[in-house]
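**Q** Generate the whole structure from the sequences, applying the supplied hints.
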Amino acid sequence: MLGVALVLDFTLEDLVPDSSIRQLMTLAACNVVVALSLNVINGMAGQFSIGHAGFMGIGGYTSAVVASHVHHMLGGGEPTFSRSFVVVPISLLCSAALAGLFGFLVGLPSLRLRGDYLAIVTLGFAEIFRLVIATAQSDEDGDVFTRLISRLGGQNGYQGIDNQGVPLYAGPFWVFGLAFILGVVAWRIKFSGWGRALRALREDEIAAAAVGVDPTRYKVTSFVIAAVGAGIAGGLMAIMRDGTPLVNPDNYNFQASFDAITMVILGGSGSVTGSALGGVFITFTIKAIEQVQALDFIQELRTQFPTLDLNALRMIVYAIVLVLLMAWRPEGLLGERELFQRRKRNEGGDDTGTGTEAEPAASGKAVKA
Amino acid sequence: MRVAHPTRAKIEVEDGKPLLELEVVKVSYGGIKALKGISLRVMPGEIVAMIGANGAGKTTTLKTVMGLLRLAGGTIRFAGRSLEGQSTEARVEAGISLVPEGRAIFPNLTVRENLELGAYLHRDAKAMKETIEDVTALFPRLGERMKQEGGTLSGGEQQMLAIGRALMSRPALLLLDEPSLGIAPKLVHQIFAAITEIAKSGVTILLVEQNTRIALATSKRAYVLRSGEIALEGDSKELAHDPEIKAAYLGG
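Chains A and B supply the protein sequences, listed in that same order. Anchor point for the first sequence: position 128 equals 146 in my numbering, and the numbering is continuous, going up by one each time. Anchor point for the second sequence: position 230 equals 1011 in my numbering, and the numbering is continuous, going up by one each time.
If you are wondering where the hints come from, they were derived from the structure by calculation, not from laboratory data. You may find that some hints are simply not true.
[To be verified] Here are the simulated EDC-like pairs of lysine to aspartate or glutamate, each with C-alpha atoms no more than 20 Å apart in a straight line:
hint, chain 1, residue 1, chain 2, residue 2
1, B, Lys798, B, Glu827
2, B, Lys981, B, Glu870
3, B, Lys928, A, Glu356
4, B, Lys928, B, Glu914
5, B, Lys928, A, Glu221
6, B, Lys1001, B, Asp1023
7, B, Lys928, A, Glu354
8, B, Lys981, B, Asp1023
9, B, Lys791, B, Glu870
[Stated by the list, open to error] Across the chosen pairs, the derived CB separations fall in these ranges:
hint, chain 1, residue 1, chain 2, residue 2, range
10, A, Gly93, B, Gln867, 56 to 62 Å
11, A, Phe272, B, Gly963, 39 to 45 Å
12, B, Ala974, A, Leu126, 46 to 52 Å
13, B, Leu962, A, Ile39, 41 to 47 Å
14, B, Asp1016, A, Leu126, 49 to 55 Å
15, A, His87, B, Gly812, 56 to 62 Å
16, A, Leu131, B, Gln867, 24 to 30 Å
17, B, Gly812, A, Arg169, 52 to 58 Å
18, A, Leu131, B, Arg851, 17 to 23 Å
All values reported here derive from a predicted model rather than from experimental measurement. Ideal Cβ placement from N, Cα and C applies to all residues, glycine included.
**A** Rendered as structure tokens:
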């Protein structure tokens, strides 16, 4: 799989000459990581975070800044593939670490708050983050903190050192490779003892505590893990080749958090493969809606009704898709199930032999990918 | 049924000393006093029942022993050692296990996953395998449904699963909260037969029940709780013939 990603790194431009489609593919891979990470909080832990974009933003800004500086130190020039092995890991590790730290801080209130109250805290965090960066003015007389923040470019976004732009090091190799690796990690987490304890906590906190699961530790850790994932995803998007080369506050608004939630809910809360599917689906749906906007028919409507807001139209279509889906499949496309899940998981042959009557396989697939 | 977990230090209780002892235990919810000073003892190997009406403080007592509620006064001792300041995890580790009220299983996890979670603090693969064997020997229905999700089981089976899960840590003391709640009468008898079986293998049991008749028939001694205080205590057989108990809890 990593080999495939490596080959894609060099051949994707020939295979897919349309850069907007290339951008869409890599963006989809990043969104898969976003959805997988949010799934840890919203799906597995059963908490409700609506501020995931905040963690993505922290990851995005961190990796953009770190990548720019490392690139500068290496002497500038064109980003090369061999150099990406220095720049990308350093940038993404910094993103993950900083996002994880904020995940810890935001996770702390989750110990005392439940449901909608916690949701407000996460939303507040994401909005504070966005507004602090968006409203920072370059002010030479300001304190250290203000000056540092204003270097991030305020509302216009971060433009790299001396406005040279952020070096885009993460090619398809990194994007697809990391999405794959993190997917495997998410899968392992779900079926590990840790993931099982987390799911138990979601279903019955008292019962989980009664078997010895420490709710405090698990809730905070789930936030940290989700934040680290979001940080990496945001970091990837910020330095992604074929991506939007601009890291700006509007990329991390409520809409972004909302999209992330949609991916998880639509794909199937708690399902790793479902969330990944949701990530791809939403990325392409948003794009499809944009394509629809470009249709002659719609453009003609626009000339007749100059007040028509196409963005609002996009939201209406998007909302209708969601409402219909939730009406038909309230548990999401996959529910909590997984694609490719083996019906019988033999973990070290611990089968007691009494319960081997396998129920008929509901989904035809019985092989793990 | 194998008791004593290989990864846990042996629990030793001096002769004549209780395994669990509550001394003037007080618990409050906000300003409301739920327990007004309860003292009780459970000797090793005994089945002790706590009976009483709704809101008498039975569940509160169990949750407090488990460390899920904070003590407002008094002492709880397990095997001679005070549990003060010990987390719920530490108490599970020490050998106490709770079967929560109302079939508190994990409905979206499989039966096997539910059981494995019961051994969460004692992740010894061999011991876990053996305990699952013991549990499925005790409740063969669970063995037939290992891969089913917990939520798809019948009420009685869910209660069996909750008990099985609590046994996975191989507790010295099993706390049972209303095992008969909302379960078909036929299954209630099966479950209480299993409880007797568990006690025979050496697990000490503190049982909270609203079904007074079966609780007194199963237990050796019993405490009657009334609005946060112990109103009566004694031998279960004698209590079953006590005119006051008969009138209040056994329907004449």
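**Q** None of the hints should be skipped; say for each whether it holds.
**A** Hints, verified against the model:
1. B:Lys798 - B:Glu827: holds, 12 Å
2. B:Lys981 - B:Glu870: With a Cα-Cα distance of about 26 Å, the restraint between B:Lys981 and B:Glu870 is violated, given a limit of 20 Å.
3. B:Lys928 - A:Glu356: holds, 15 Å
4. B:Lys928 - B:Glu914: holds, 15 Å
5. B:Lys928 - A:Glu221: Given pair B:Lys928, A:Glu221 holds - Cα atoms ~18 Å apart, limit 20 Å.
6. B:Lys1001 - B:Asp1023: holds, 15 Å
7. B:Lys928 - A:Glu354: holds, 15 Å
8. B:Lys981 - B:Asp1023: violated, 27 Å
9. B:Lys791 - B:Glu870: holds, 18 Å
10. A:Gly93 - B:Gln867: 56 to 62 Å: holds, 60 Å
11. A:Phe272 - B:Gly963: 39 to 45 Å: holds, 44 Å
12. B:Ala974 - A:Leu126: 46 to 52 Å: Between B:Ala974 and A:Leu126, where Cβ atoms are some 47 Å apart, the hint holds.
13. B:Leu962 - A:Ile39: 41 to 47 Å: violated, 59 Å
14. B:Asp1016 - A:Leu126: 49 to 55 Å: holds, 51 Å
15. A:His87 - B:Gly812: 56 to 62 Å: holds, 58 Å
16. A:Leu131 - B:Gln867: 24 to 30 Å: holds, 26 Å
17. B:Gly812 - A:Arg169: 52 to 58 Å: Holds, at about 54 Å.
18. A:Leu131 - B:Arg851: 17 to 23 Å: holds, 20 Å
Checked against the numbered hints given earlier, the structure breaks hints 2, 8 and 13 and satisfies all the rest.
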